[in-house]
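J.: Listed here are the chains, written in short residue letters.
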Amino acid sequence: MANITIDGKQYTVKDGITIIEAIDQTKGSDVPRYCYHPGLSIAGNCRVCQVEVEKMPRTVIACNTTVAEGMVIHTQSEKAKVSQKVVLEFLLANHPLDCPVCDQAGECKLQDYYMEYGTYDPKFNENKVKKTKKAVAIGPTINLDQERCVLCSRCVRFTDEITKTHEFGIFDRGDHAKVDVYSELNNKYSGNVADICPVGALTDRDFRFKMRVWYLAKKKSVCPGCSRGCNISIETENSRPYHLKKERVMRLKPVENPDVNKWWMCDDGRYAYKSIDAGRIEKVQVRKAGKLEETTWENALAAAGQILTEAASNPGRWAFITSPQHTNEELFLQKKFFKDALKVGKTAYAWSFDHGFEDNFLIKADKNPNTAGASEIFGAAEDISKVVDAAKRGEIDGLIIFGRDLARYGADTLAVLRAKVKTILYCGVNVNAASAVADLVLPAASYAELDGTFTNFEGRVQRIRKAIEPMQDARPSWKIVQDLAAGQGMIWKNKRSEDVFAALAAESAAFKGLTYAGLEPHGKIWSGTTAGAAETASAGAR
Amino acid sequence: MSAANANYGLAPAGLEPVVSRYFNLPDAWKIETVLKLGAYETAKKALAGKPEDVLKVVMDSGLRGCGGAGFPTGKKWSFLPKDTKKPIYLVINADEGEPGTCKDRYILERDPHSLIEGIIMSCYAIKSHKCYIYIRGEYVLPAARTQAAVDEAYAKGFLGDNVFGSGYRVDITVHRGAGAYICGEETALLNSLEGKRGLPRLKPPFPAVVGLFGCPTIINNVETIASVMHIGRMGAENFVKWGGGAIGPHLYSVSGHVAKPGVYELPMGITLRDIIYTHAGGVRGGKKIKAVIPGGMSAKILRADEIDVKMDFDSLKAAGTMLGSSGVMVMDEDVCMVKALLYACRFFAHESCGQCSPCREGTGWALKIIERIYRGEGRLEDLDTLLSVAGGMEGRTICVFAEAAAWPIQSYIAKFRSEFEDYIKSGKSAGRDMAAAHAH
Numbered sequence: 001m002a003n004i005t006i007d008g009k010q011y012t013v014k015d016g017i018t019i020i021e022a023i024d025q026t027k028g029s030d031v032p033r034y035c036y037h038p039g040l041s042i043a044g045n046c047r048v049c050q051v052e053v054e055k056m057p058r059t060v061i062a063c064n065t066t067v068a069e070g071m072v073i074h075t076q077s078e079k080a081k082v083s084q085k086v087v088l089e090f091l092l093a094n095h096p097l098d099c100p101v102c103d104q105a106g107e108c109k110l111q112d113y114y115m116e117y118g119t120y121d122p123k124f125n126e127n128k129v130k131k132t133k134k135a136v137a138i139g140p141t142i143n144l145d146q147e148r149c150v151l152c153s154r155c156v157r158f159t160d161e162i163t164k165t166h167e168f169g170i171f172d173r174g175d176h177a178k179v180d181v182y183s184e185l186n187n188k189y190s191g192n193v194a195d196i197c198p199v200g201a202l203t204d205r206d207f208r209f210k211m212r213v214w215y216l217a218k219k220k221s222v223c224p225g226c227s228r229g230c231n232i233s234i235e236t237e238n239s240r241p242y243h244l245k246k247e248r249v250m251r252l253k254p255v256e257n258p259d260v261n262k263w264w265m266c267d268d269g270r271y272a273y274k275s276i277d278a279g280r281i282e283k284v285q286v287r288k289a290g291k292l293e294e295t296t297w298e299n300a301l302a303a304a305g306q307i308l309t310e311a312a313s314n315p316g317r318w319a320f321i322t323s324p325q326h327t328n329e330e331l332f333l334q335k336k337f338f339k340d341a342l343k344v345g346k347t348a349y350a351w352s353f354d355h356g357f358e359d360n361f362l363i364k365a366d367k368n369p370n371t372a373g374a375s376e377i378f379g380a381a382e383d384i385s386k387v388v389d390a391a392k393r394g395e396i397d398g399l400i401i402f403g404r405d406l407a408r409y410g411a412d413t414l415a416v417l418r419a420k421v422k423t424i425l426y427c428g429v430n431v432n433a434a435s436a437v438a439d440l441v442l443p444a445a446s447y448a449e450l451d452g453t454f455t456n457f458e459g460r461v462q463r464i465r466k467a468i469e470p471m472q473d474a475r476p477s478w479k480i481v482q483d484l485a486a487g488q489g490m491i492w493k494n495k496r497s498e499d500v501f502a503a504l505a506a507e508s509a510a511f512k513g514l515t516y517a518g519l520e521p522h523g524k525i526w527s528g529t530t531a532g533a534a535e536t537a538s539a540g541a542r
Numbered sequence: 543m544s545a546a547n548a549n550y551g552l553a554p555a556g557l558e559p560v561v562s563r564y565f566n567l568p569d570a571w572k573i574e575t576v577l578k579l580g581a582y583e584t585a586k587k588a589l590a591g592k593p594e595d596v597l598k599v600v601m602d603s604g605l606r607g608c609g610g611a612g613f614p615t616g617k618k619w620s621f622l623p624k625d626t627k628k629p630i631y632l633v634i635n636a637d638e639g640e641p642g643t644c645k646d647r648y649i650l651e652r653d654p655h656s657l658i659e660g661i662i663m664s665c666y667a668i669k670s671h672k673c674y675i676y677i678r679g680e681y682v683l684p685a686a687r688t689q690a691a692v693d694e695a696y697a698k699g700f701l702g703d704n705v706f707g708s709g710y711r712v713d714i715t716v717h718r719g720a721g722a723y724i725c726g727e728e729t730a731l732l733n734s735l736e737g738k739r740g741l742p743r744l745k746p747p748f749p750a751v752v753g754l755f756g757c758p759t760i761i762n763n764v765e766t767i768a769s770v771m772h773i774g775r776m777g778a779e780n781f782v783k784w785g786g787g788a789i790g791p792h793l794y795s796v797s798g799h800v801a802k803p804g805v806y807e808l809p810m811g812i813t814l815r816d817i818i819y820t821h822a823g824g825v826r827g828g829k830k831i832k833a834v835i836p837g838g839m840s841a842k843i844l845r846a847d848e849i850d851v852k853m854d855f856d857s858l859k860a861a862g863t864m865l866g867s868s869g870v871m872v873m874d875e876d877v878c879m880v881k882a883l884l885y886a887c888r889f890f891a892h893e894s895c896g897q898c899s900p901c902r903e904g905t906g907w908a909l910k911i912i913e914r915i916y917r918g919e920g921r922l923e924d925l926d927t928l929l930s931v932a933g934g935m936e937g938r939t940i941c942v943f944a945e946a947a948a949w950p951i952q953s954y955i956a957k958f959r960s961e962f963e964d965y966i967k968s969g970k971s972a973g974r975d976m977a978a979a980h981a982h
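Heads up: the sequence lines are chains A and B, in that order.
The first sequence runs 1 to 542 under the working numbering.
The second sequence runs 543 to 982 under the working numbering.
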């Protein structure tokens with residue numbers, strides 16, 4: 001350990017760390033930085049993280065100077081400030097200053113640092129260097145603007161060190177140096193380069209010009225795209241419902257979690273948010289004379305009550321199908337009601353279609369965020385295909401489906417099922433072939449519209465948060481289940497998702513001891529077992 | 543050799559030249575020529591003794607690097623980790639790119655065997671078995687001659703697995719650069735040698751610990767390693783006292799407006815005035831001196847009244863400039879300092895690797911200002927902006943290129959400010975480039 005002083009405050013930090021790491025760990029001070037990124041190697045080329053170290057003749061860069069016992073560091077002294085300002089002035093010399101038409105405006109480190117470290121007295125009176133690629137797509141996800149680039153090389157290092165796909169390079173010398181690609185930027189993690197680009201050189205084509213970032217509302221959540229459970233920020237437009245065809249979710253961004261995804265997320269997860277605002281089941285619907293018609297929740301619950309009373313008379317010929325896309329809370333109440341209370345003959349949540357691409361970084365083959373939770377809550381369950389087969393053989397009178405599109409078993413599956421099964425109740429987020437044939441359709445809130453938890457492949461329980469209100473008639477499905485149960489005389493008084501989680505933690509050994517507050521900030525490994533438990537988080541190993 | 547350049551490597555009358563001794567000897571680049579004169583005998587003797595003996599004689603000589611920084615060679619060697627399991631590399635920096643410098647070229651071209659012999663001894667001293675000679679891309683003939691000399695040395699058994707039958711292995715690979723000034727910066731050179739972009743590396747770690755291919759590496763200049771052989775040949779004491787000096791012989795490249803430009807081998811510490819007037823024949827056409835750059839383009843300029851300075855590392859440092867690569871550039875009274883600075887700025891803006899923001903943007907910025915002044919569109923405040931750009935670059939970058947680019951700006955303006963101001967005010971040059979300026 002080394003005893004050091006930063007801006008007059010004394011700290012004890014680990015030996016061998018750099019000054020910038022000490023600054024970031026102790027959080028008492030800050031220095032500007034462009035090239036430094038904790039997830040990448042040290043480049044030391046932007047030169048802006050200048051600090052004064054007593055007994056050193058010149059200011060030094062904080063990112064490549066190791067702390068030493070007794071070191072006295074100043075980030076705010078006259079000498080340090082002058083150095084930081086001088087470097088920033090150089091960085092801005094050839095910058096096009098096209099902030100009014102730059103999508104990075106509002107989250108641009110040139111803007112931010114200019115406010116704090118600018119000279120406010122521009123001396124540059126010359127023609128700026130023109131570079132050729134401005135607003136040029138370099139792949140399906142990213143646009144390049146060479147003139148805005150500060151040549152920090154973060155994108156080069158990301159594709160060299162993290163994805164090892166080596167698309168980026170820096171070409172030419174001197175003030176004509178520019179970032180470009182050797183080949184199209186088209187890898188599974190390409191979106192991250194827009195996140196780590198500190199300026200407007202690399203922007204996300206999906207997000208460009210959708211809205212100014214200062215209008216964004218942000219909520220920390222978990223990506224539902226696979227069983228990794230990358231931490232994300234759901235960034236939404238909440239204030240202007242007329243904007244962009246009423247799309248509310250504007251983008252997803254990764255949130256640092258050292259134990260799960262570090263600073264990154266994959267493109268599959270990043271761009272999968274569109275189903276939140278498109279293709280939704282917006283209204284409660286009931287089938288009348290062969291047609292689905294809008295109805296009220298009250299009428300729908302009454303209709304559901306009749307259906308479930310009927311089911312209760314012969315539950316052995318009823319089946320319940322759900323999916324590990326649901327939160328632990330949703331799955332817990334589903335199990336309590338349909339399996340334990342109603343005692344349906346078959347319960348299934350797993351199918352083979354959720355198995356997909358996997359790599360040795362973040363992307364897991366299991367495309368569900370909560371398979372571990374589902375298997376803990378439901379225990380050993382049949383594959384959905386068994387239920388579908390039984391229904392096709394005419395062994396099922398009623399199907400209660402939560403969020404599964406059975407058309408995956410073949411386009412004619414639902415026509416066959418419709419002919420063989422008397423009653424189909426569907427509860428889910430998006431319209432699909434199963435919801436289209438149901439007798440009763442109950443719209444559920446998407447993961448962006450509810451609080452809850454997912455359990456990832458290694459048994460890490462993490463919080464998801466409501467970022468936007470449920471669309472139209474949609475409600476969190478655990479509340480729907482609670483109402484369905486109430487209709488059958490089972491009164492649960494959970495007001496918040498957190499109450500459901502407390503009930504789950506009280507009943508389940510795996511969740512024992514966990515609370516919402518206790519899951520902060522990086523989630524907690526439960527005491528249950530998971531298929532993936534032996535597997536160390538490969539993100540962590542990286 | 544033509545009469546016109548017969549003065550290359552001239553040592554003072556009556557003195558036996560050292561490093562330049564074969565510069566005027568026909569076919570001295572051929573091994574048969576120099577073997578008859580005793581080449582490789584010194585290395586042979588060294589390999590019969592202990593590595594420490596070579597190290598000691600280099601230490602005793604106080605030899606300092608001739609590439610520009612003047613770092614003591616023996617001390618540099620001592621930074622190598624003691625019990626490393628990795629191979630140790632010796633890299634010869636023959637990327638002689640400093641404007642006004644051409645001394646290493648003559649060693650490579652005219653006496654490459656003195657370098658190879660120095661390499662054998664140096665490798666032995668630092669326990670290295672592999673040496674790379676990195677030659678700048680423009681040096682076509684020097685590279686060809688050096689490669690031929692290396693081939694000859696292999697054929698004679700002076701290189702390879704069993705040097706002189708001693709059982710010691712030394713291999714040499716000649717590698718040609720692609721023509722970037724920055725690759726003369728030792729860590730950029732290492733990157734270039736590894737096949738990467740020639741960008742200087744962040745230090746620490748230093749090359750002696752993490753160098754070529756991640757292994758401990760010593761990088762020395764051509765003249766330095768050739769001198770190692772000569773020190774071994776003459777003994778440290780004779781080397782140091784050569785020519786009545788106190789440091790040893792040194793190669794000075796003299797160019798510009800002198801009557802006899804060339805490479806001169808003189809005792810280090812001779813005055814700049816002596817070099818110009820005693821050896822290089824004075825100023826061409828009997829003109830007066832206006833300014834002299836003592837150590838290559840990067841060195842701060844001296845005025846005519848400052849040329850009594852001694853041409854060694856410490857004296858020039860005390861005079862506010864540096865010996866650098868010992869490239870002496872003499873400017874006569876007709877030179878336009880605005881144009882001289884324009885040339886310097888153009889060079890550094892062209893050669894900045896572009897890695898560090900201050901240097902990347904600063905060298906280009908300075909060039910644009912001086913170009914504007916040169917076109918007659920200058921403003922008086924431009925001079926202070928130039929100084930602030932230069933001062934801003936200085937000391938805030940990975941390598942010393944930014945300093946090299948800043949020093950001409952700072953020194954030309956400091957020492958010739960009134961000329962710059964007159965040019966800006968009148969739009970006219972004080973020198974003979976006036977017509978050119980207006981034609982521009």
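Note that these hints are calculated values from the structure, not bench results.
Treat each hint with caution, since some may be false.
If you want a taste of the chain A side facing chain B, the calculated C-beta under 7 Å gives, among others [what the hints assert, rightly or not]: (1) Lys55; (2) Arg58; (3) Val86; (4) Thr119; (5) Phe171; (6) Arg173; (7) Asp175.
BS3-like cross-link-like pairs, simulated, lysine-lysine; straight-line CA separation at most 27 Å [to be verified]: (8) B:Lys617 x B:Lys783; (9) B:Lys967 x A:Lys123; (10) B:Lys698 x B:Lys592; (11) B:Lys698 x A:Lys178; (12) B:Lys698 x A:Lys130; (13) A:Lys178 x B:Lys967.
A virtual CB, placed ideally from N, CA and C, is assigned to each residue, including glycine.
J.: Hint by hint, work out which the structure violates, then give me just those numbers in ascending order.
T.: Of the numbered hints given earlier, those the structure breaks are 1, 4, 5, 11, 12 and 13, listed in rising order.
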